[in-house]
Structure formats: C-alpha cells, structure tokens
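Keeping their order, the protein sequence lines are chains B and X. According to UniProt numbering, the first sequence holds residues 1 to 428 in order. According to UniProt numbering, the second sequence holds residues 1 to 509 in order.
It is worth saying that the hints were derived from the structure and are not from the lab. Predicted model only: the values in this text are computed from it and were never measured. Don't take every hint at face value.
Which stretches of chain X does chain B cover? Using the computed rule of at least three CB atoms under 8 Å from a CB of chain B, they are [unchecked claim]:
no., region
1, 30-38
2, 94-108
3, 119-125
4, 132-142
5, 176-188
6, 266-275
7, 492-499
The beta carbon of each residue, even a glycine, is placed where N, CA and C say it ideally should be.
In case you want the letters, here they are:
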Amino acid sequence: MAERAALEELVKLQGERVRGLKQQKASAELIEEEVAKLLKLKAQLGPDESKQKFVLKTPKGTRDYSPRQMAVREKVFDIIIRCFKRHGAEVIDTPVFELKETLMGKYGEDSKLIYDLKDQGGELLSLRYDLTVPFARYLAMNKLTNIKRYHIAKVYRRDNPAMTRGRYREFYQCDFDIAGNFDPMIPDAECLKIMCEILSSLQIGDFLVKVNDRRILDGMFAICGVSDSKFRTICSSVDKLDKVTTQAVLLQTPAQAGEEPLGVGSVAAGGRYDGLVGMFDPKGRKVPCVGLSIGVERIFSIVEQRLEALEEKIRTTETQVLVASAQKKLLEERLKLVSELWDAGIKAELLYKKNPKLLNQLQYCEEAGIPLVAIIGEQELKDGVIKLRSVTSREEVREVAEDLKSGQNRAFNFYYGTTPFSYKAQEA
Amino acid sequence: MAERAALEELVKLQGERVRGLKQQKASAELIEEEVAKLLKLKAQLGPDESKQKFVLKTPKGTRDYSPRQMAVREKVFDIIIRCFKRHGAEVIDTPVFELKETLMGKYGEDSKLIYDLKDQGGELLSLRYDLTVPFARYLAMNKLTNIKRYHIAKVYRRDNPAMTRGRYREFYQCDFDIAGNFDPMIPDAECLKIMCEILSSLQIGDFLVKVNDRRILDGMFAICGVSDSKFRTICSSVDKLDKVSWEEVKNEMVGEKGLAPEVADRIGDYVQQHGGVSLVEQLLQDPKLSQNKQALEGLGDLKLLFEYLTLFGIDDKISFDLSLARGLDYYTGVIYEAVLLQTPAQAGEEPLGVGSVAAGGRYDGLVGMFDPKGRKVPCVGLSIGVERIFSIVEQRLEALEEKIRTTETQVLVASAQKKLLEERLKLVSELWDAGIKAELLYKKNPKLLNQLQYCEEAGIPLVAIIGEQELKDGVIKLRSVTSREEVDVRREDLVEEIKRRTGQPLCIC
C-alpha cells in the first residue's frame, strides 16, 4: 500500500516535471526522455485506480433541486412559514444526525429504515428519521416544559422510493408542535386551524381534514373483540400518537384539460403524543405535545404541475434590470453603472463580455424574465442620460438622467410591477 | 438470535395479555397467574436491552439552534441572500450525502475527515464535505456550461472541533459561484464586490480582502528554487505569515521542511510584500519574476482585476498579499480571503481574533474531473464563513443589550374576566384570517397579569383585551404593553389599528 502511494507520488512529480519542461519549451530530446520515464512509472502502477469513473448521479432516492424547483420550494415554504409565524411559533434546528441510541426503539418496525453512519471510531450515529424524536430529545435536554415551535428540515428513510409518487429517501418535513400542559383541546384546535390556513393559502384545491382519536380506536377494537396481539397490524398508524390523530387529504379534482387528475392523497398529518418526551427524561417526566407535519414534497409536485398547466413562467432570479451597451468599448461604463445600482439596492446584472451584442443582451433578459434593460450609449453618456427600455414591449420607457439612485428607483417602482414568480410586466 | 427474538415476542404478547386482563378487570387470581408467567419469561430474556440510557446530547461537534440562535441566523442569512439575489444568482440544493466515489480523490489529505455512511447493502455513501464538489457534479451531470448560483447548506467534517473557536463538525457554508467561459476577470471582480457588500451589510466591523494568484505563487516559488515536491508544504508555511513572524515561518521552512536557507530568503523577499495595484506593477517589472510565464499571466490578470475593482468602488478594501497561500488544492487562478480587522476590546466584549470570514478563488479544472470527456467549465466563487459570523453578531447584540425577539407576534388576545375563552378564540381567529400575527394563552380563564407577563417576555407589543362590558359596547381595549396606555377600538377597526401601530402595510399580509 505504501509502495503504491510512493509510486503514485513519483508518477505525479514526473508528470509535473514533464509539464514544466513543455511550458518552458525545453529541448525535444529532453522532453521525450522525461516522458519515457513517466510512461515507465505509470506502467509499474498498473490499472489507474484513481481514474474517475464518472458516476454522475445523486444517491438512490435523492435528487438535486434545480433553480426552478427551488423557486417552487421557496414559494411553498414562504406560505407555510408565514402561517407558523402568524401563530407565534419560534423556530429551532437540530443536527442531521443523532446518537444512534437516541433514535433506537422509537420507530418500531420502521427502525430498519434508519440510515446509520459507519463506525469510524467515534460515537455511533444515525441520520434523523423524523423531526419529532429530535424535538422530544431537545425538550428533555433543555428541561423545557412548554414551547411552540416549527422546524423545517430534511429527514432520511431507507425505504424503496416510489419516485413517481414523489416519495424519496431524503425529503423535507415541516413540523409544528405545541408542547406543554394546557387546558384541553385549545392547542389541538389551533393545530387544525394552522393546517387549514396553510392548505387554503397554498391553493392546491379542496381538502378535508379527517380526525379521530386513538382512545376511541382502542375502545372500538376492544368491544369488537380484536385481541391485543392483532391490534398493531389492524391499525398501522404511528405508535407515538396516543390520542387525537388528524390527517388532511386533498379531494380529487376532476381532470382539467391537460392536467393529471390528482389522486386522493394525504398532504398533512398530526396528532397528540403525550408520552414521547417522558421516554427521554430520566425521571420519566411527561411533557404533553400536539402537532402537525406538512407533506411538502407532494405539495411541491402539485404546485409545479399547476404552474405548468397555467403556463406561468417561473422566474429563477429577481433581477430588475440588465445593464447593457449597444456599442463597443463601453465595459467600463457598464461596470460603473451596475455598481451604482447595486449600491442603491437595485437587483441588476451585466453580461460578462467586453463587447456584447445588444441582441444577445436582450435575449438574456427574455430568457431570464428580466423586465428592464438600461442601455448605455456614447451619445447618451455625453447628454447625461441612460435609455431605460421595457424588455417585453421593446419600447423605451424612460430616458433617465444620470442621477441614478432616484431616477432609476422611481422608474423601477413604477414599471417593476412583477413578483419574482411570474413575469408578465406591467405595460407602460 | 432467532431464539431471542421469539422470546421477546412472547414477552410482548404476555405483557399485552396482562394489560388486557387488568383493563377488563378480570379476577385477581387470573391476573396474578399471568403476571407470574410474564416475569418468568422476562427472567429468561436477561438484561433489558431496550431500556433507555437517557443520553441527552447531540453528537460531538454538532449543536441545536435555539430560537434565539435561529433569530440571529435568519438575520444573517437574510442579508447574505439579498446580496446574492441582487447580483442575479439562482439557487440550488443537493442531497446531504453523495456517492462515495463522487467525493473520493477530491480533498487530498483532508479525505480522512469525511463522514461515511455504513454499508447497509446499497450504494456506498458519504456526507458532503463542502458545496463545491457537489456543484461540479451538478454542472457535469446536467451538462451546464454556465450558471450563476448560490447554495446555503450544512457540510460535514470529522475533525477535532475547537468549539470555542466556533468550529464544528456540522456547519453552514454559504457559497456563490459563477461558472462559464467569459471575458477575463469580470466575474472574478463581481465575486469580490459581493464579498465586500455582504461584509459591509453585516456590520461586523472593518475588514480587508487579501488577493493573490496561484500562478504568481507557482512562478514565485519556481524562481526562488522551491522544488515541485515541496510546493504544498512550503505554501502552508508561508500562509502562516498572517499569524506569526517571518522568522518563525523561515525557521519552519528551513528547520522542519528542509528548505535551503537561501531559497527561504528569496521567498521572504517576496511574500512579505502587500499593497495595491502599484505592487502588481512593481512585480511586473521584477527582473526575475517577469521571466516566468505563469507569474506574468497571474500579474496581468490581477492588474485587470484591480481596474475593475476600482470601477466597483472597492479598491480601498483590497490588498494584494503575496503570503496568501492556503487552500490551494483546486484553485487555478486568483484567490482571495477576507479578514476582520481587530477592533480594540470594548467594555465587556471579548477581543476578536484576526480570522478569515470569507474566502474563494478561481478553479478552472474541477468540473473537468467529472466530465467523461474532460470538458472544462471555468469557475470562480466565494464561500462565506457564517458560523463565525453568527457568533460575532450574537456577541454584538448582547453587547448592545438589544433584546432578540424569537417570534413576530404583534398582539396577544387576552381577557381580564372569566368565561371569555370563546370570545378570545373568535377574535384571535378573525385576526389570523386578516393576516395579523396573534396569540392567546391556552387557558380557559387566565389571569390578566400572566397574560401581560407573557407579552413582556416574548416582546409582544400589543394586547387586545376582551371584557364583558366592552363586548356589549362593540369595542376591544387595545393596550401598549410597554407604555401601558390603553384605548378602546371598535371591533371592525381593530385590524387596521393593529397594522397601523405595528407598521405593517395595510394591503399585504
């Protein structure tokens, strides 16, 4: 092993030597001599193990978020977080992995779906499976008796992802929970109010929230004669919900032109779980909790589908103006102007070319949905003006004086009537 | 093993049987009989492995973010993201782990610090070590030739965290990169402009951005007589010049790393220099350095860079520093690092060490390592060291004794009398539906004092008090928590009044 490493090092150095000689334009014979040495060394090395296998993929069950998918995601999170904040929730974050012991014994049969980290000589760790157990650990660790918090983060489950159904091994959860000893059902009711506010604001169609209670189920099974041993198989819900359980489902909408009919699926769930924190407390002290979890991954797909159906262009940047020039040798002027705009808080870009063609600059604006272009020209510079043009209408909207901070701001406030999301610019 | 599992199952069933009998209030003898059976089974099982050990800690080198720390973090991210967006950046996200092969061979000696996932029968995975390699993988995978993107996410490194210095095993990186073939130094200049904008906006004190170039370093070491094999190790010595004296650095190079003293001296003549564009021009005239093609390229690009930085108005923040050398593994051109300038210790405040808060450079060869045809996509970018910034911002807020609010609640819906829960629930619901951030205590008959105390602790500015007489009169008492001044507001005017007082725009929630 050490021998191989030494050989690899020699190969590397010899390679650098050869490159160096070529750079310095050394004599052909010298170069040839050194190249021969290099090839001999490489032959000794054998098959090149360090050669890139070019595996260009994300791990099974995971995916990148492209700028477009991020735009959808940001929009959805913004709506959800606004609602959580409207209800006075604080926010926390926890590490992506926990001590293995923390997660052990909390998930029943699902424990086999937990991702473990390799034993590399330190603590045994596992990736979090949900946000509820970390929350209970956080409460017990900080000896908190009450908190109203939300937590949005990715969780990890090694199941067989049915990718078409939007199920992954790495996926977001948006949790909201109220922990504490309070008068009955008030926080429970607020959780349902939050679920409804969020699902309404998202505008993903009609929904229904189903409510039940674990104690009613228990009682019902008991009087019907279901034995305790069969209970768990009859009732496949998560064990830790010991009282009220809720589940929100989207109601199937009739297929619209060009749109896939939405299956009836769960988009949010929750309930009361009074026993979990007690499992973490050395004295078994209980902290009653009630909460909800929004199934955002499904919501991402739905929102994206709807935007596509409405043929609304999704902008991936918020740029308000492109600083452009129609003539050559105006890079300096573009750099100065764009810098002034940035310093004034305006979202602006320029092409990274010394002498770009105006057509290319306009095309860049169209593709990115940038509504305005500020064109610098030699004559205009002398006159102390900048041409401000609407990209969609191609009309010149204003010739603004070089006092840009106020001039450009006014123009932008008037014409920039778009949200970052859709870019149908208001016409003058 | 199977035997044990079977035993555990029997214990479980027997336990359920016992519970069932107790619930059904079966005869005491029957219950006792079944309990005895249960205890016998448990005895066979041996020590209870499933008993909670009550380990209440996060893994080594990681931490939770409390609501207060999240408030600081949100403030910092908001400033950074605004800046990235101002410059037209898109945003992406990648998985927390990559295929092990993707990360292998990219980090040199640091590879031993990578967290691997256990082989559980599927692909071999590792947690991402930075955001740059995933970015290069993303570009190659999607065959992109240009993009301007930012990415804010946690990365993972198994080193020995010096927790007091704010170094962790799990920590945030904020990366911004411009990939693509463009005219020289324009994107590089924009990266530096962004770095300066962010550090100014964060208001964490004066800072300086040191700039150097990999090609200048290569050329400089070559003409001084440093052999290729010693390059990396000499670089790491030279890089220490910002912390220790030249004598110490020289001793390390000569004494520990076997460098000839004359070579060290020649290096010393160069690396102790720093300045503005005049230093670039001076070196362009340097008889030895100007003979080196690489160094010339680097110097030429730096000269152009300084022109652009002047147009951007940030040349006074930039220092061409020949001792900037660290982290060179994948950089191929300009490199830069921002440091906070040490402020004199203020009352009650720890003096801040001189430390790097942001860094970056050009790395033209990385994407090519992922492309089957070796196609290169030139990249230049920066990374903001937010963890350090979180601590600094938190310290400053504490020093200013500014209360950090952890919620944005505008009004608490309260009642002074009993039996008004229904009214409170109705009112708070109306407020939520109108986009007002409101709360109520989860008590049927809370005391007014407790409700006011809740407001004070949480920093809620207003309280809307429902009273029986007021209900009849169709008004709500709106009180300022701090001034205790109270005014009767008509119920239909309440939403507008709250928005007016809290500075919320009337038409947007």
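If any of the earlier hints don't hold here, list their numbers in rising order.
1, 6 and 7
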